[in-house]
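Protein chains in written order, with UniProt numbering: chain B, 1 to 291; chain V, 1 to 387; chain Y, 1 to 325.
The set of hints was computed from the structure by calculation and includes no laboratory data. None of the values given here were measured: they were computed from a predicted structure. Hints are not guaranteed to be accurate.
Simulated crosslink set (DSS-like; lysine-lysine; CA at most 27 Å straight-line) [as the list claims (entries may be wrong)]: (1) V/Lys200 x Y/Lys115; (2) Y/Lys191 x B/Lys88; (3) Y/Lys187 x B/Lys88; (4) V/Lys301 x V/Lys334; (5) V/Lys201 x Y/Lys115; (6) V/Lys231 x V/Lys70.
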Amino acid sequence: MLIEQLINGLTLGSIYAIVALGFTLVFGVLGIINMAHGEIFMFGAFIGVILTTSLQAPLWVAFMSAIVITAMMGFLLEKFALRPLRNKQGVSHLAPLISTIGVSILLENLSHHLFGAGNHPFRASFAQISFEIGSVTIYLVQLVIFVISVILMMALSFWLGKTKAGKALRATAENLETASLLGVDTKRIITMTVIIASAMGGIAGILVGMAFNSVTPQMGLSMGLKGLAIIILGGMGNVKGAMAGGLILGLAETFIVVYGDSGYRDAIAFLAIIIILLIRPQGLFGQKISA
Amino acid sequence: MKVSLKKVAQFSVLSSLLVLAACGGGGEQATGEKEGQAAGGGVITADIGVISYISGPGAAYGEAITSGLKLAQKEINAKGDVEINLLIEDSAGKQDQALTAAQKLMNSENVTAIIGPTLSTEMNVVGPEADLNGVPIMGTSTTAEGIPQLGEYVFRNSIPEALAIPASMTKAIEKYGAKKVAILYGNDDVFTKSGFDTMKKAAEDMDLEILTIETFQKGQSDYNAQLTKIKGMNPDLILASALYNEGAVIMDQARKMGIDVPFVGGNGFNSPEVIKIAGDAANGLIVATPWYGEKDDSKVKEFVSKFEEEYGKKPDQFAAQAYDALYIYAEALKNAGEADRDAFRDALAQVKDFNGILGNFSFDDEGDVVMDPTVLIIEDGQFKEFN
Amino acid sequence: MLAELINPYYLQVASFVLINIILGISVYIPLSTGQLSLASAGFMGMGAYTSALLTIHFELPIVLGIIAGTLVAGIMGVLIGIPTLRLQGVYLAIVTLGFGEVIRVLFVNWESLTKGSVGLSGIPHMGREILASLREFGFNPQSLGLQNNQFIFLTIFFLLLVITAFIIWFFRRQHSSRVGRAFAAIKLDEKAAESMGINITYYKVLAFAQGAVIAGFAGALYAHVLAYISPADFAYHRAVEILVFTVFGGSEVIWGPVFGSLFLTLMPEVLRFISEYRYMLYGLIIIIMMAVRPQGLIDVHLLELLKSKTAKRRQKYGAGNQKSM
Numbered sequence: 001m002l003i004e005q006l007i008n009g010l011t012l013g014s015i016y017a018i019v020a021l022g023f024t025l026v027f028g029v030l031g032i033i034n035m036a037h038g039e040i041f042m043f044g045a046f047i048g049v050i051l052t053t054s055l056q057a058p059l060w061v062a063f064m065s066a067i068v069i070t071a072m073m074g075f076l077l078e079k080f081a082l083r084p085l086r087n088k089q090g091v092s093h094l095a096p097l098i099s100t101i102g103v104s105i106l107l108e109n110l111s112h113h114l115f116g117a118g119n120h121p122f123r124a125s126f127a128q129i130s131f132e133i134g135s136v137t138i139y140l141v142q143l144v145i146f147v148i149s150v151i152l153m154m155a156l157s158f159w160l161g162k163t164k165a166g167k168a169l170r171a172t173a174e175n176l177e178t179a180s181l182l183g184v185d186t187k188r189i190i191t192m193t194v195i196i197a198s199a200m201g202g203i204a205g206i207l208v209g210m211a212f213n214s215v216t217p218q219m220g221l222s223m224g225l226k227g228l229a230i231i232i233l234g235g236m237g238n239v240k241g242a243m244a245g246g247l248i249l250g251l252a253e254t255f256i257v258v259y260g261d262s263g264y265r266d267a268i269a270f271l272a273i274i275i276i277l278l279i280r281p282q283g284l285f286g287q288k289i290s291a
Numbered sequence: 001m002k003v004s005l006k007k008v009a010q011f012s013v014l015s016s017l018l019v020l021a022a023c024g025g026g027g028e029q030a031t032g033e034k035e036g037q038a039a040g041g042g043v044i045t046a047d048i049g050v051i052s053y054i055s056g057p058g059a060a061y062g063e064a065i066t067s068g069l070k071l072a073q074k075e076i077n078a079k080g081d082v083e084i085n086l087l088i089e090d091s092a093g094k095q096d097q098a099l100t101a102a103q104k105l106m107n108s109e110n111v112t113a114i115i116g117p118t119l120s121t122e123m124n125v126v127g128p129e130a131d132l133n134g135v136p137i138m139g140t141s142t143t144a145e146g147i148p149q150l151g152e153y154v155f156r157n158s159i160p161e162a163l164a165i166p167a168s169m170t171k172a173i174e175k176y177g178a179k180k181v182a183i184l185y186g187n188d189d190v191f192t193k194s195g196f197d198t199m200k201k202a203a204e205d206m207d208l209e210i211l212t213i214e215t216f217q218k219g220q221s222d223y224n225a226q227l228t229k230i231k232g233m234n235p236d237l238i239l240a241s242a243l244y245n246e247g248a249v250i251m252d253q254a255r256k257m258g259i260d261v262p263f264v265g266g267n268g269f270n271s272p273e274v275i276k277i278a279g280d281a282a283n284g285l286i287v288a289t290p291w292y293g294e295k296d297d298s299k300v301k302e303f304v305s306k307f308e309e310e311y312g313k314k315p316d317q318f319a320a321q322a323y324d325a326l327y328i329y330a331e332a333l334k335n336a337g338e339a340d341r342d343a344f345r346d347a348l349a350q351v352k353d354f355n356g357i358l359g360n361f362s363f364d365d366e367g368d369v370v371m372d373p374t375v376l377i378i379e380d381g382q383f384k385e386f387n
Numbered sequence: 001m002l003a004e005l006i007n008p009y010y011l012q013v014a015s016f017v018l019i020n021i022i023l024g025i026s027v028y029i030p031l032s033t034g035q036l037s038l039a040s041a042g043f044m045g046m047g048a049y050t051s052a053l054l055t056i057h058f059e060l061p062i063v064l065g066i067i068a069g070t071l072v073a074g075i076m077g078v079l080i081g082i083p084t085l086r087l088q089g090v091y092l093a094i095v096t097l098g099f100g101e102v103i104r105v106l107f108v109n110w111e112s113l114t115k116g117s118v119g120l121s122g123i124p125h126m127g128r129e130i131l132a133s134l135r136e137f138g139f140n141p142q143s144l145g146l147q148n149n150q151f152i153f154l155t156i157f158f159l160l161l162v163i164t165a166f167i168i169w170f171f172r173r174q175h176s177s178r179v180g181r182a183f184a185a186i187k188l189d190e191k192a193a194e195s196m197g198i199n200i201t202y203y204k205v206l207a208f209a210q211g212a213v214i215a216g217f218a219g220a221l222y223a224h225v226l227a228y229i230s231p232a233d234f235a236y237h238r239a240v241e242i243l244v245f246t247v248f249g250g251s252e253v254i255w256g257p258v259f260g261s262l263f264l265t266l267m268p269e270v271l272r273f274i275s276e277y278r279y280m281l282y283g284l285i286i287i288i289m290m291a292v293r294p295q296g297l298i299d300v301h302l303l304e305l306l307k308s309k310t311a312k313r314r315q316k317y318g319a320g321n322q323k324s325m
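For reference, chain B alone in the conformation it holds in the complex (with noise of 0.2 Å):
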């Protein structure tokens, strides 16, 4: 039993993980918490169930049309909802934050009208397969949701720590006005950033369809929030932190069901933040923060 609730904790925790890498590329990059990130979560979810379900198309038409799609949201969402805030003179460091949440009610209510409030199944034979070791039954996307989260993190510390595109990002995430002196093209790298971290929200909302079998307009919400506790618990903009972060919610959260009260699982999350963020505000595996 022990080793079920822990397959299921990691599992529940490698997804939380990819959510929370999207904030924390944000976050890193333009030190913005992006709020939609749980809705651009959702909508890729949504677009897996209905080229699967409705449109029968194979999982891997649905997983780059989920991908391509949420990086469009992500350009638009940079377009009309961040870019005009910057350079801006006057504007409050809080105008993004809240900007976003005005995008989160949007994709929210729209999601309403576009797929109806009710569940959707995901019909995908793959997230039927299983095998058995010993009494434990795993399921193929179980493992395969944390190969991903784990291919993800490895993939964007190297992305941010060798390449040329992720040198130039972490220099605009230093000070922006001194990298486009030195000639990075801040512009497309914070574009870039967005795309990037929504795709990855879109990767995360299809595998969780399959992982649970359910898509719901709500869902953008709870996994936005849980996100957010992530990259506060794992440290703003730390890669590593962001993958941990997850992990140890995803453990927190099967484990408190299992020895505790199922009905303060939501709690654990922000009771956790707010404990964090007393204690040790730049998070578990953060630097000190700079002011």
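Position chains V and Y relative to chain B; hints supplied.
Then chains V and Y, alone, in the frame of chain B:
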């Protein structure tokens, strides 16, 4: 100092003027005014207000309810005994909006009676206000405890959980000889929470051993942790108080995990959508319901075919309950002989052995439902009568 | 004649407008020191539950219940305000958001006290109680030519109007006082304010706690106007809604949240027929406002403009009006 006081004065004068001006728009009303008159042909005309959950996450309920009402309205008006106008207002599932909608209907539109609101939480707010104003109000989907007890003018025709859940549990326990049960419910929703309270009480009354009580929250899509825990305890039955959207996913995840015991659900779990969402995993769900669409009854068959013709889909219990509700109103209106609120209330309370698509229906002294629910089980991807 | 004009529907809407104005102000006050707090819904819930529970179980008069609710929220505000001082901008927003969610989960789970998600019903209704106690003195609303429910809503409306007016008056006074100037200095530049000798800790906690007090107060009023509360009333969506009031109306001057709450509460009533699109419109409004007019509709500039216009008009149309003010 002086300046700010002046500002405040200006503001208050302005806002009261604004409000008074707004009041002016509502012109010709006075509460409790008689509207309908027995005209030459003896047709009684009445305005019936409807408060429904039309926008937001629960919009599907409101859609079903208003569809059922409109169909009934068409048929009733075609018969010619009574002429019913429906005035439909949205509450978005929120108490404050339900209350303002009710105020609008009672005071601006001067309706004879109200149908709705959709949720028990909304009824908790609207019911006492309607009662105070002497406007009869009937819930078609409010199944929580204590609704008709809100006041003399508050009724419902939806079968309460307190009636439905014990009925399905008794039959399930008889059939499977269950002794140990696990309970799973959504604790942040009033509907599922009150269903759980009934379940727990019934389980205690029946001397069942409750192995564990697990909860889940709105927007959650991962129930594996709770289900794995339940699985480890080997219950004979799982009592799940969930709305069908979540319930179907729970069953799907449970079956994948290898939990194959039957589920007993509450009223909100009862929907053809469960089969659509969960597929084969839905087999073994037991619910008690006033509404059974496959019933071998000419009235039911006629309703189903008419509804499908009109809206292109099968009616669910919400549509059916709303449909019957308007017929009950029409009956009461006919008996009252006029569209007076008090006369209507008295006639409504007298409704007895009304034969609708839900079966034989009467009100008890408090305005609650007296009827026998049908217990259904999903087998081979279909709702069947459970014996 | 007057009696026919008083429609409880409009009074009900007006009452909600007033409560929302108070809520809008509860976000505006911390924001005037640069602190974005999303905890308003949580504090509102605490005020509402405290007052409701006290009046239900201990049969406390509503006034005392409301005062107690306000105090509890205020104390909580100080307790939360002090440790969160070191948090900047976004971090504060997230922690306060988290705080609100924790409070809600607590309401859901603490069933022995709050009845969980079923909610508390049978909370003494402000208007009905007033009527009942007036009746004891032999007063009858019919003597004014009013129906009972007309009288009830009229009392609630005027009570709320007086309260709201007082709150606006108070904060306008505070704005032009030493405290208000300190708030403004902190918002502009915290470090500079500190070097000028302003006690940042004190003023920031003060602003945060004032926000909490106001929100708790509004929550307590809400409980006694609606007579029923449940945890879902104080969830994330409520927090965002209150924020939108302030952001839309303007967060620079107090008339911003006042106007924002008035407009955004009335709009859905007027546009009931497009209610399905209401929240989409909300989202759009926020995005557009942030891009085009991040300070909100009403700002200092606009107020100046209005003032000079009215001043001109006064000059034109003589001093007669001024006397009557």
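Against the structure, the hints come out as follows:
no. : hint                : in the structure
1   : V/Lys200 x Y/Lys115 : 15 Å, holds
2   : Y/Lys191 x B/Lys88  : 22 Å, holds
3   : Y/Lys187 x B/Lys88  : 18 Å, holds
4   : V/Lys301 x V/Lys334 : 26 Å, holds
5   : V/Lys201 x Y/Lys115 : 16 Å, holds
6   : V/Lys231 x V/Lys70  : 45 Å, violated
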